[in-house]
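J.: Chains A and B supply the protein sequences, listed in that same order. Okay, so the first sequence: first residue is 1 according to our numbering, each after it adds one. Okay, so the second sequence: first residue is 1 according to our numbering, each after it adds one.
Just so you know, the hints here were simulated from the structure itself, not pulled from any lab data. The model shown is predicted, which means the values in this text are computed figures rather than measured ones. There may be inaccurate statements among the hints.
[What the hints assert, rightly or not] Each pair of labels, with its calculated beta carbon distance range:
id, chain 1, residue 1, chain 2, residue 2, range
1, A, 3, B, 100, 42 to 48 angstroms
2, A, 179, B, 101, 46 to 52 angstroms
3, A, 2, B, 11, 15 to 21 angstroms
4, A, 69, B, 4, 38 to 44 angstroms
5, A, 13, B, 72, 34 to 40 angstroms
6, B, 21, A, 157, 32 to 38 angstroms
7, B, 157, A, 13, 27 to 33 angstroms
8, B, 29, A, 13, 35 to 41 angstroms
Cβ coordinates follow ideal geometry from the N, Cα and C atoms, glycine included.
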Amino acid sequence: MRSKALNLVKRYRIFLLLAFLNIAILIFLPQVGVKSVQLTWSNFIEMLSVLPPIFILLGLLDVWVQRETMTKYMGEHSGLIGVLIAFLLGSAAAGPLYAAFPVAGVLLKKGSKLSNVFIMLGAWSTTKIPLLLFEASALGFKFMLLRLVMDIFGIAIIAYFTEKMLSKKEKEEIYQRALAQ
Amino acid sequence: MTTALYIIALVALGVSFFKSKEKSILALKKAWKSFENILPQFLSILIIIGMMLAVLTPEQISKVLGNESGWYGVMIAAIIGSITLVPAFVAFPLAAALLRSGAGYMQIAAFVSTLMMVGIVTMPIEIKYFGKKATIVRNAAALAFSLVVALVMGMAL
Numbered sequence: 001m002r003s004k005a006l007n008l009v010k011r012y013r014i015f016l017l018l019a020f021l022n023i024a025i026l027i028f029l030p031q032v033g034v035k036s037v038q039l040t041w042s043n044f045i046e047m048l049s050v051l052p053p054i055f056i057l058l059g060l061l062d063v064w065v066q067r068e069t070m071t072k073y074m075g076e077h078s079g080l081i082g083v084l085i086a087f088l089l090g091s092a093a094a095g096p097l098y099a100a101f102p103v104a105g106v107l108l109k110k111g112s113k114l115s116n117v118f119i120m121l122g123a124w125s126t127t128k129i130p131l132l133l134f135e136a137s138a139l140g141f142k143f144m145l146l147r148l149v150m151d152i153f154g155i156a157i158i159a160y161f162t163e164k165m166l167s168k169k170e171k172e173e174i175y176q177r178a179l180a181q
Numbered sequence: 001m002t003t004a005l006y007i008i009a010l011v012a013l014g015v016s017f018f019k020s021k022e023k024s025i026l027a028l029k030k031a032w033k034s035f036e037n038i039l040p041q042f043l044s045i046l047i048i049i050g051m052m053l054a055v056l057t058p059e060q061i062s063k064v065l066g067n068e069s070g071w072y073g074v075m076i077a078a079i080i081g082s083i084t085l086v087p088a089f090v091a092f093p094l095a096a097a098l099l100r101s102g103a104g105y106m107q108i109a110a111f112v113s114t115l116m117m118v119g120i121v122t123m124p125i126e127i128k129y130f131g132k133k134a135t136i137v138r139n140a141a142a143l144a145f146s147l148v149v150a151l152v153m154g155m156a157l
């Protein structure tokens with residue numbers, strides 16, 4: 001029991017440290033402190049609102065989708081289909097980029113190709129459909145369209161480049177990590 | 001969009017329960033486990049982002065991103081964009097406000113692109129899933145790509 005509590009403190013130590021730091025700022029620089037607590041709180045609410053459905057879908061995916069199915073559609077020999085699914089999966093997503101990493105973890109665990117996972121991450125970060133509409137209204141249609149066209153190529157280039165830079169052993173380690181999650 | 005996500009998740013969960021209660025409970029357990037697994041990093045990052053945004057105000061940012069700031073402004077924009085992580089519903093109005101207050105298209109493009117693709121504060125989470133090397137390579141490549149985007153958009157717009 002005691003070791004369990006100790007383990008919990010150990011896992012959350014950076015968070016606790018930061019929380020103390022924030023309290024210190026609150027005391028010594030109240031203006032900055034209040035603002036930062038407000039911002040943290042609103043981001044926290046945003047996170048709590050978007051994460052539950054993502055994690056529920058991940059849990060269901062983990063239980064129901066068989067490794068063979070995932071490998072077939074997004075694995076090593078999935079070709080263009082895998083790339084398209086990765087793009088659509090990322091673009092249809094909601095939530096900030098950090099919510100995409102657990103999704104990436106499950107895709108890897110089920111045998112998805114590494115470059116496809118990076119494409120999903122890239123699409124999640126920049127080509128989300130509701131975001132594009134928002135971008136067009138805030139910064140203009142031309143701005144959005146030009147960036148979108150470049151991003152589609154950029155995402156693919158970054159994904160293949162990142163995969164190329166990794167050795168076979170490093171890739172293996174990434175899959176091992178995903179299995180351990 | 002979030003509402004749609006909830007509807008999809010709930011429908012999927014309902015179908016799952018209809019087909020197998022045990023598997024559905026297992027799925028929920030797995031969902032909770034992977035959430036709790038990443039929670040310490042999530043919480044830490046939320047505090048770091050909150051503190052950073054409290055210090056960096058839009059007025060301060062627009063001061064250094066003026067149209068005449070050239071590559072110096074682009075670099076600053078890329079650095080600010082890479083470090084911070086701002087939800088899009090804040091980022092786009094902020095970028096629009098910066099444009100109105102005199103920032104250049106090239107600088108704004110660098111800011112928006114790095115904001116979305118490069119995440120220095122979120123690196124601990126990324127490393128947890130992909131390891132150090134893949135994380136650094138991906139972020140560095142995304143940063144380089146963002147600078148190309150900035151250059152092209154600066155010339156085109």
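J.: State for each hint whether it applies.
T.: How the hints compare with the structure:
Take residue 3 of chain A and residue 100 of chain B: their Cβ atoms lie about 57 angstroms apart, and the range 42 to 48 angstroms is violated. In this structure, residue 179 of chain A and residue 101 of chain B meet the distance hint of 46 to 52 angstroms, their C-beta atoms being roughly 50 angstroms apart. For residue 2 of chain A and residue 11 of chain B, the Cβ-Cβ distance of about 44 angstroms falls outside the hinted range of 15 to 21 angstroms, so the restraint is violated. Checked against the hint of 38 to 44 angstroms, the C-beta distance between residue 69 of chain A and residue 4 of chain B comes to roughly 24 angstroms, which is inconsistent with it.
The hint said 34 to 40 angstroms for the Cβ distance between residue 13 of chain A and residue 72 of chain B, and at roughly 39 angstroms that hint holds. For residue 21 of chain B and residue 157 of chain A, the hinted distance range of 32 to 38 angstroms is not satisfied, since their beta carbons lie about 46 angstroms from each other. Distance hint check: the CB atoms of residue 157 of chain B and residue 13 of chain A are about 47 angstroms apart, inconsistent with the given range 27 to 33 angstroms. Separated by about 26 angstroms at the C-beta atoms, residue 29 of chain B and residue 13 of chain A break the suggested range of 35 to 41 angstroms.
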